[in-house]
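S.K.: The listed protein sequences correspond, in order, to chains A and B.
Each residue of the first sequence is one higher than the one before, starting from -7 at the first, in this note's numbering.
Each residue of the second sequence is one higher than the one before, starting from -7 at the first, in this note's numbering.
There may be inaccurate statements among the hints.
Note that the list lumps identical chains together, so a pair holds whenever it fits in one copy or between two copies.
[What the hints assert, rightly or not] Derived lysine-lysine pairs resembling DSS-like cross-links, with alpha carbons at most 30 Å apart:
| no. | residue 1 | residue 2 |
| --- | --- | --- |
| 1 | K244 | K108 |
| 2 | K197 | K303 |
| 3 | K37 | K108 |
| 4 | K168 | K197 |
| 5 | K108 | K160 |
| 6 | K108 | K303 |
Think of the hints as simulated: they come from the structure by calculation, not from any bench.
Protein chains: 2
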Amino acid sequence: MAVYTDVSFEELEILLADYRVGAPLSFKGIAEGVENSNFFLQTDKGAFILTLYEKRVREADLPFFLGLLEHLSAGGIACPQPVRNVKGAQWSTLNRRPAALLTFLTGVSLRRPDVKHCGAAGAALAALHAAGADFPLRRQNALGAQSWPNLAHSLLDQAEGVQIGLRKLVDEALRKLDGHWPHNLPQGVIHADLFPDNVLFMDSKVSGLIDFYFACDDAFAYDLAVMLNAWCFERDGFNVTKSRALVSAYRKTRALSDEEIDALPRLATGAALRFLLTRLHDLINHDPMALVRPKDPREFAKRLRFHLRVKSPTEYGL
Amino acid sequence: MAVYTDVSFEELEILLADYRVGAPLSFKGIAEGVENSNFFLQTDKGAFILTLYEKRVREADLPFFLGLLEHLSAGGIACPQPVRNVKGAQWSTLNRRPAALLTFLTGVSLRRPDVKHCGAAGAALAALHAAGADFPLRRQNALGAQSWPNLAHSLLDQAEGVQIGLRKLVDEALRKLDGHWPHNLPQGVIHADLFPDNVLFMDSKVSGLIDFYFACDDAFAYDLAVMLNAWCFERDGFNVTKSRALVSAYRKTRALSDEEIDALPRLATGAALRFLLTRLHDLINHDPMALVRPKDPREFAKRLRFHLRVKSPTEYGL
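The shape of chain A in the complex, shown without the other chains:
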């Protein structure tokens, strides 16, 4: 977590001439997200985040990402809202990078959410799915199920060096999903990365959802499967009380069909595989000069093993 592209106060001032956000009082780089450079800006009118999009976020995707944030904000979801500049644009250019000014959300992300937090986060996901339903833009899930076999093939030779047995595990998961991936589930805009890092809490209530830069169109239930992976594992394994709280709260706002429930073990397997593969990729291709430490892929190897043994959705507390 670091700032990749520095922004001086003088550069900020030139940018702010195009915005009506008041006079700057404080401006600091923050260690947030692994994809972009982020700065905290306090002005006499409020608090903002300035984001410079680095190479992993394509400028062509910004109308989707920033449009979605506007759409969700209008729909009552607490998420960062892009501040349009005086020309009405959602983003500008700063230091040769697309740069957006977004409203700052109060709240803190938790490292060890409890059952109550899992419930609140599940409800927030369902509200997000409902609010995103009529968003008109589309974006394919670049890290969806269709991408995993090729990604896996590019990594398998080196996977054994990370952990013995990883190659066999990935092969087993790919074989299990091959021809059995659920393609006809209800789809719409999903967050696709709703880890505890990306949910802000005030006391036990969700005060905001952040980091929508993996958002895309995919099965709603896949988003839930990502959360089963991201919120319900503890050091000693899967906590079914947490997953029950998460899924139950979700279902109060958006009903799950029988097909979605049946598909959960495969969706959860796929989600674990997705994070295992991308973390493996980031570790194997890690630039030692990069300002970010790669995350440990082995956590997701454990989670993947768990899902491969699941025989019924009831094991997730349904």
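Using the hints provided, position chain B relative to the given structure of chain A.
M.R.: Leaving out everything else, chain B in the frame of chain A:
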């Protein structure tokens, strides 16, 4: 600039049980300083910085650093003030590191301060020297003149690989200072690192001085010489209008003796050498896994060459 040691919200909450600073509303790692891990904390009572001291700041020095901040705050200097915990201690322990909670200062640091800013910063330095005069603790300048010959020797073999001529330049500076370093100038607490990064402005007024982790006892005029290096060079060379503004503003609060004025070229040479050597050290010993990019030593080679050619303090605008 990065966060070296992560702090979860849960860990923060345990720490905050020992402080009376209100309920947390926001908590984020910030990219500030190269020595420590820093976090921005907003509570319902105010804004704070949480600093975890990494290996380059010794715990034994914290009574000096934090006591100085309290002393200077009491003396009217706008600088971060350590918040004492319920036991009255200036720092606690968090994630096996000493950790202090400090008040947050509004203001922004400038990359290209103009003449007016140089004047304001010079006045702030003099006020700092005056306010620190009766501070009872002492700390030797670990990076003072006595340290340069050994530091230089440990680097000279590799210096040529950084820039051709660097070895000769460092030798020339050491020879010039050997036996001619001014030892009897008025001394007291100095900041020793008052670069533009460490001065916060609101409009054209100084709103705060930060990052006192090189503060020590040394000649007041050496602190001024550090600022001549840090504030008055532009891409095309030394700007005497800036140095005149800086020194004149300083002298309005604290008079310079004839000895201090005479010594300025040697002090400025020494200050340039100090930053050249420490940057060389950081570059040569750079851990590629470190979360910080080393600063370019060659800037200070240029500045050192400038000072070596100076024949009279009048060239600094005095």
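S.K.: If a hint holds in the structure, say so; if it doesn't, say that too.
M.R.: Hints and how they fare:
For the identical chains of this complex, K244 and K108 are intra-copy neighbours only, at 15 Å inside a copy versus 61 Å across copies, given an alpha-carbon limit of 30 Å. Proximity of K197 to K303 under the C-alpha cut-off of 30 Å is found in neither arrangement, the shortest distances being 33 Å within a copy and 67 Å between copies. Taking CA atoms no more than 30 Å apart as the test, K37 paired with K108 passes between copies only; the shortest distance there is 27 Å, against 34 Å inside one copy. For the identical chains of this complex, K168 and K197 are neighbours neither inside a copy (38 Å) nor across copies (66 Å), given an alpha-carbon limit of 30 Å.
When the C-alpha separation of K108 and K160 is checked against a cutoff of 30 Å, the pair qualifies neither within a copy, at 37 Å, nor between copies, at 67 Å. Taking identical chains as interchangeable, the C-alpha atoms of K108 and K303 lie at most 30 Å apart only when both belong to the same chain, with a minimum of 27 Å there against 72 Å between chains.
Hint violations for this structure: numbers 2, 4, 5, all remaining hints satisfied.
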